[in-house]
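Starting from the structure of chain A, add chains B, C and D where the hints point.
Number of protein chains: 4
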Amino acid sequence: MIDTNAIEAANEAAMKDLRADYDALGEHLDRRGISIDAIKAKVAGYGVAVPSWGVGTGGTRFARFPGAGEPRHIFDKLDDCGVIHRLTGATPSVSLHIPWDNAAPGDLLAKGEEVGLTFDAMNSNTFQDQNDQAKSYKFGSLSHTDAATRAQAVDHNLACIELGQKIGSKALTIWVGDGSNFPGQSNFTRQFERYLDSARSIYSGLPDDWRLFTEHKMYEPAFYSTIVQDWGTNYLIAKELGDRAFCLVDLGHHAPNVNIEMIVARLIQFGKLGGFHFNDSKYGDDDLDTGSIDPYRLFLVFNELVDATDVAGFDPAHMLDQSHNVTDPIESLMSSAMEVQRAYAQALLVDRVALVGYQDSNDALMASATLKRAFRTDVEPILAMARLDKGAAIDPVVAYRQSGYRAKVATLRPAVTGSGGGIV
Amino acid sequence: MIDTNAIEAANEAAMKDLRADYDALGEHLDRRGISIDAIKAKVAGYGVAVPSWGVGTGGTRFARFPGAGEPRHIFDKLDDCGVIHRLTGATPSVSLHIPWDNAAPGDLLAKGEEVGLTFDAMNSNTFQDQNDQAKSYKFGSLSHTDAATRAQAVDHNLACIELGQKIGSKALTIWVGDGSNFPGQSNFTRQFERYLDSARSIYSGLPDDWRLFTEHKMYEPAFYSTIVQDWGTNYLIAKELGDRAFCLVDLGHHAPNVNIEMIVARLIQFGKLGGFHFNDSKYGDDDLDTGSIDPYRLFLVFNELVDATDVAGFDPAHMLDQSHNVTDPIESLMSSAMEVQRAYAQALLVDRVALVGYQDSNDALMASATLKRAFRTDVEPILAMARLDKGAAIDPVVAYRQSGYRAKVATLRPAVTGSGGGIV
Amino acid sequence: MIDTNAIEAANEAAMKDLRADYDALGEHLDRRGISIDAIKAKVAGYGVAVPSWGVGTGGTRFARFPGAGEPRHIFDKLDDCGVIHRLTGATPSVSLHIPWDNAAPGDLLAKGEEVGLTFDAMNSNTFQDQNDQAKSYKFGSLSHTDAATRAQAVDHNLACIELGQKIGSKALTIWVGDGSNFPGQSNFTRQFERYLDSARSIYSGLPDDWRLFTEHKMYEPAFYSTIVQDWGTNYLIAKELGDRAFCLVDLGHHAPNVNIEMIVARLIQFGKLGGFHFNDSKYGDDDLDTGSIDPYRLFLVFNELVDATDVAGFDPAHMLDQSHNVTDPIESLMSSAMEVQRAYAQALLVDRVALVGYQDSNDALMASATLKRAFRTDVEPILAMARLDKGAAIDPVVAYRQSGYRAKVATLRPAVTGSGGGIV
Amino acid sequence: MIDTNAIEAANEAAMKDLRADYDALGEHLDRRGISIDAIKAKVAGYGVAVPSWGVGTGGTRFARFPGAGEPRHIFDKLDDCGVIHRLTGATPSVSLHIPWDNAAPGDLLAKGEEVGLTFDAMNSNTFQDQNDQAKSYKFGSLSHTDAATRAQAVDHNLACIELGQKIGSKALTIWVGDGSNFPGQSNFTRQFERYLDSARSIYSGLPDDWRLFTEHKMYEPAFYSTIVQDWGTNYLIAKELGDRAFCLVDLGHHAPNVNIEMIVARLIQFGKLGGFHFNDSKYGDDDLDTGSIDPYRLFLVFNELVDATDVAGFDPAHMLDQSHNVTDPIESLMSSAMEVQRAYAQALLVDRVALVGYQDSNDALMASATLKRAFRTDVEPILAMARLDKGAAIDPVVAYRQSGYRAKVATLRPAVTGSGGGIV
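Protein chains in written order, with the UniProt record's numbering: chain A, 1 to 424; chain B, 1 to 424; chain C, 1 to 424; chain D, 1 to 424.
Just chain A, with the same shape it has in the complex:
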């Protein structure tokens, strides 16, 4: 639904300036002993998964303000995700959320092939009640006091694996909202024992070539305690379950002021970093566009990842997880994918030999300056050239707007009105 000719026309208009910027940056990096083409190649090879749910307009408990052309189902969502990858060349896979995205595996595979996408980690949902559901998750799912409710939640996760196997996924991501809203409501220890029992049941159904990702979060939807409240508990889970269990880090799921890049380093060191849900936040789990609030923090996370490149078996999953309340979700996801690439490119520019020297000699100022120098290098020409090389858009947002895609789908997909009443 994006016309290749239109992309090429837009690229044509921007190409001359891009070449000038790329050449100038190439010369500059050459003086720093860095090959711009080598960096470009790494950036070109980098991909981040998009979440199927991210292409719909998000909201808060107060309201949701849908935009035009909201996707109605997974096939609409895959169309939108396909546009993102077509224009950025940076998002080769989609992560599904079940039951929201339930569909016949063959249909999913066919649509995926049509839009040029594969399927990343499967996401289960035991934080909502479905209309046909026997047991309610109001008071928990994997850790519920009732064994039948726990069993239902376990079965759902196994069903996600089953579907995932049919569409080429290799991982299951579990995030639960289980916790409590009052001191005393739950016994922390017995609740966690129940969680671990359920998780073991899921893990025992995990195919040999799959990984299990568990995700911690400080709070929301539970507001006094959350069962997997931080990386400490998340690590305990991964350790209890086994070698194919890993911790997923969502950048917005931590206490205020927490040093997230250090958590990333610890999980790498102890072999339990499974991957990321990228986004940005200022207050809580704001699910804002990646890099929009604190781009240096994102860079520092990638600094750890690049630093760990040589760690044996190190292969974390990269996924966006955002809620787009005031923007066109396609535009936000494209921009965010590029922000992730940008942080990666900047981290690749760090002079690691010099850095180690400064660290060993406790030259804090020069160590900091070494990171800052890499960070402030404007790598946009590298990212744009990598896109151009693969037939994507030099400026994806411009090309997207010129394509008229949103207007087109708005005619095909029924409009949604009101803000749904909200859930105050």
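It is worth saying that the hints were derived from the structure and are not from the lab. Glycine residues also receive a C-beta, built at the ideal position from the N, C-alpha and C atoms. One or more of the hints may lead you astray.
[Claimed, not checked] No more than 20 Å apart at the CA atoms, straight line, and that leaves these computed lysine to any residue pairs for SDA-like:
| hint | chain 1 | residue 1 | chain 2 | residue 2 |
| --- | --- | --- | --- | --- |
| 1 | C | 138 | D | 410 |
| 2 | D | 138 | C | 406 |
| 3 | A | 170 | A | 318 |
| 4 | B | 16 | C | 30 |
| 5 | D | 138 | C | 414 |
| 6 | D | 239 | B | 236 |
| 7 | D | 16 | A | 27 |
[Stated by the list, open to error] In silico negatives: residues of chain A with every beta carbon more than 10 Å from chain B:
| hint | residue |
| --- | --- |
| 8 | 1 |
| 9 | 11 |
| 10 | 23 |
| 11 | 242 |
| 12 | 313 |
Relative to the frame of chain A, chains B, C and D by itself:
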């Protein structure tokens, strides 16, 4: 719908123990030079308004898990609020939220009289879109860049006043979610100028015997900036508008670690404390039951209020504002009303003459001990006896459960299933 | 230095009221099925260690304002600690800090016996440079990039053990300030590897009947990263070291909003809770008097401890760790010891059978109410009677002030003037 | 003490690369419609004051680890500050702290002229006790309960003005640590009334061409309440005092997650922004190097300042205020001055016409992208060329290290050993 005989039967069973506890406490307080009956009289005279929206089960952006007998409209809600007051004797008024509670004024007054409730502050809603609404609040309401949208929001507030005048309300509370999710999205200054213009238009329509309350909140639903982000901005608004404009303090709307009782004191000192939305929180605007997380903080707020009793014209509005996700909302509101009373009773016990002496001599330890002594006094017998005296329940939750009210309304009100999909 | 006759005289004056309060509470608790004497016996048997450094006036980097009669050395400190125990009967042991408290073991033992105190955990200090020290800890100690500096820090810890063995201590507490102030200054992973190596060296020198406690802290003195930044890293350390390594929880060392009681529960569940440094805080590591800011949080911690009473081998160390900037340290430590006892007594009152029932049936409201009921019971008569029974003071602060102890030591110990310039 | 020939030699070596980078950036900016020379001229005209106390090694309450050649007095400090300006050309003035920097005015002026520096705002100190001081500030200064103590604090501020007048300063900055460590210790209202009385006395002694800056801070050294805890209280002070009273914003003095740039905008809008203490922080008042933790936040502050350029009478004071615990303070202050310039240069690059258009049309994505585009432009060549033009160093840190200045002063100034014991 609550049988008086049942209340009396339950009270009968608990009365003997209560008398023993009350007498023992009376003797103890007498030794401290305090008349228990005088305290009881003040507690009996104290009331806190309940929010109409509080009697429905709340939720988060992830899900809402309705209970049995969810109220369908304002008349169901008034029934529920009537039960709360009938059993606690502590919540003589209800605060309406428009358009959720829109109805014919005569019908509201009649129902209010039926259930023994009057109408507290009116609450406008410009943070959601209604289906019949010309302009969307997706990008703001009172501060929207579009004049027609601002006018629509102003008109809605004036309509709230109009309805309020007909049902005996004397105040309008404005809370807006206006703000931004991205640095740069809004120009802080021009946005606030537009807000102030709109607020002035509303204020100019405020009847002479009304007060205007504006409410600050750090974040949510906006996640980068919120237009009335803290008491500083709230004070500026009240100051710009005029003598009948005041600041409303919601206990859950502040940055982490903020000293809320000090903000209360500052607003009192500068004549701009309008009132409270009571609740409790551990992380953000969690809207948990009042006093359930940090009861000492609640006491410290009431310590300021009791200290200001003699300030001329000091008459802040007291209202609960909570979201009940895992409890029966009626039970939570009853308990919370009693927690507010408890903090008030404890604050009345502070030996203020001694306290001033310790403050003047910088005896920090004894000043602290003076507050702690009042706080740790178990005033439950005073609260219970005040309830008993006015024909309410010694133990409202026990009486409520015995009454079978929830089961009764569950048969009258249709069940809601599923968790609404959530707004992730 | 505290006259027994004076204590008895003060007790005599307060005894009648205390008996009345105790009897009334006993009758009330009896109606709740609780034996007041059984609670009193448990409280009487409870003790918390005091920190030797706590009896001197504390300060901030901006200034320190000494009081009269500042202790000059460990023997003065032991006198002060003896007073605390004499009056409260609640602090039978002292925790030493080396090298601040270095002295001949025989002298320490003799003085301890004189003042009726034993020696709790030893505390090492590698966060300051001593004048005679070969290597500086400016850039770290156990994790320093320089092997000789690490060895010096290890040796110091071994020396602390050696001294501790001679005076009857059975534990070593390690807290280090190692970390970094700039992104990039330290490589998180290599820094932590060095820490673990050093910690293993210390652990290998730990006597069989000793325990090793490591303490986590989010920040300060390092302001970008701290090597043992949270309980997750602390747990990894205890796990790496062995069965006699445990995590120490200081209540003020966590990120804002963190649920500390849940961390306590997790560490108990995984067999790694070593003990506590009790204090209170509102912002950071404020080291305020225990229970002075959020007494309910303290109660919730003790609720976990009482809940774990039957866990095999569960025996956490209890210690105060506070900084007294505006009070007489002796008064603050006495009050804080009593606050710890208070939280313990309140936690003992929780109806655990009922609580489990509410938890199992997801009756969040009644579960919360069950804890609140215990918390709001004024247990002061129990604490006071326990003190009276053992010959301590009914009201230790009153007795202390009447004793004139501070004035006496002020004549013996030279006055300190100025605020030391501060370390801005 | 910095040899001009050495600077020139270092510049000579770096000049060719700088010219290439500058020319390439100039061409790039030209394509964006921006004149690089115009930006350079503005950067060259920009200066930030350095704090006299910043050139000594800082510390925490736990320890201070001095470096070589610590300045002994204000004249040593002025030598160090002179080096910073000599090499960066960005710090033309020094802010003194009294009594630390007390000296004969003539000597100060002479030394200032010698090292090429003028004198910025005067800073008073009533948060420490001096040895010769009649009244202690242990329990407060301007807000102390004792009138004589308040008078002493007022007199000290007036003395600071008197000295400042003699050396060409035009502003007094007041920061006090007054507050409390316990709930109840101080009556918020009466304490603030006393503060305002004292502040009025100082203000009445303010020369007509001076400004008074008051500084807010959330906490530390007071840990329960601080009298000027946030910008709300700070605004009230400035408003109460008069037209020459303004609010000073220190970037590290806010609650977690607070949107500082919005506070800056509010204070500008209401005519009360006095100026800044620049630094960076991750947890509390960490006083880290400006821009080292969150450079985008610094940019967003400057975005507000550039946006307000045309506001009548807008002339905020810019000052660094940092504590250098692990670096050579001269290097940190040089780097930080350049970071401030960098943020200013980036903010100058914002396409404000486009931004306003995006804001007016609620195009949040492009508004954000407009800021990000300016931020990610590497303006280092502009800063370096501005330095080169004025005879300063292309790379000040390199030139400083080559100069051997630190080693030279280390021979002249006595070494300090130990870490002073700390103030735990």
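Against the structure, the hints:
1. C:138 x D:410: Holds, at about 18 Å.
2. D:138 x C:406: 18 Å, holds
3. A:170 x A:318: Holds: residue 170 of chain A and residue 318 of chain A sit about 13 Å apart, inside 20 Å.
4. B:16 x C:30: This hinted pair holds, its Cα atoms lying about 14 Å apart.
5. D:138 x C:414: 19 Å, holds
6. D:239 x B:236: 11 Å, holds
7. D:16 x A:27: 13 Å, holds
8. 1: Residue 1 of chain A is indeed farther than 10 Å from all Cβ atoms of chain B, at 25 Å.
9. 11: Correct as stated: the minimum Cβ-Cβ distance to chain B is 26 Å, above 10 Å.
10. 23: 30 Å, holds
11. 242: Non-interface label on residue 242 of chain A holds, nearest chain B Cβ at 29 Å vs cutoff 10 Å.
12. 313: The claim holds: residue 313 of chain A sits with its nearest Cβ about 32 Å from chain B, beyond 10 Å.
The earlier numbered hints are all upheld by this structure, with none contradicted.
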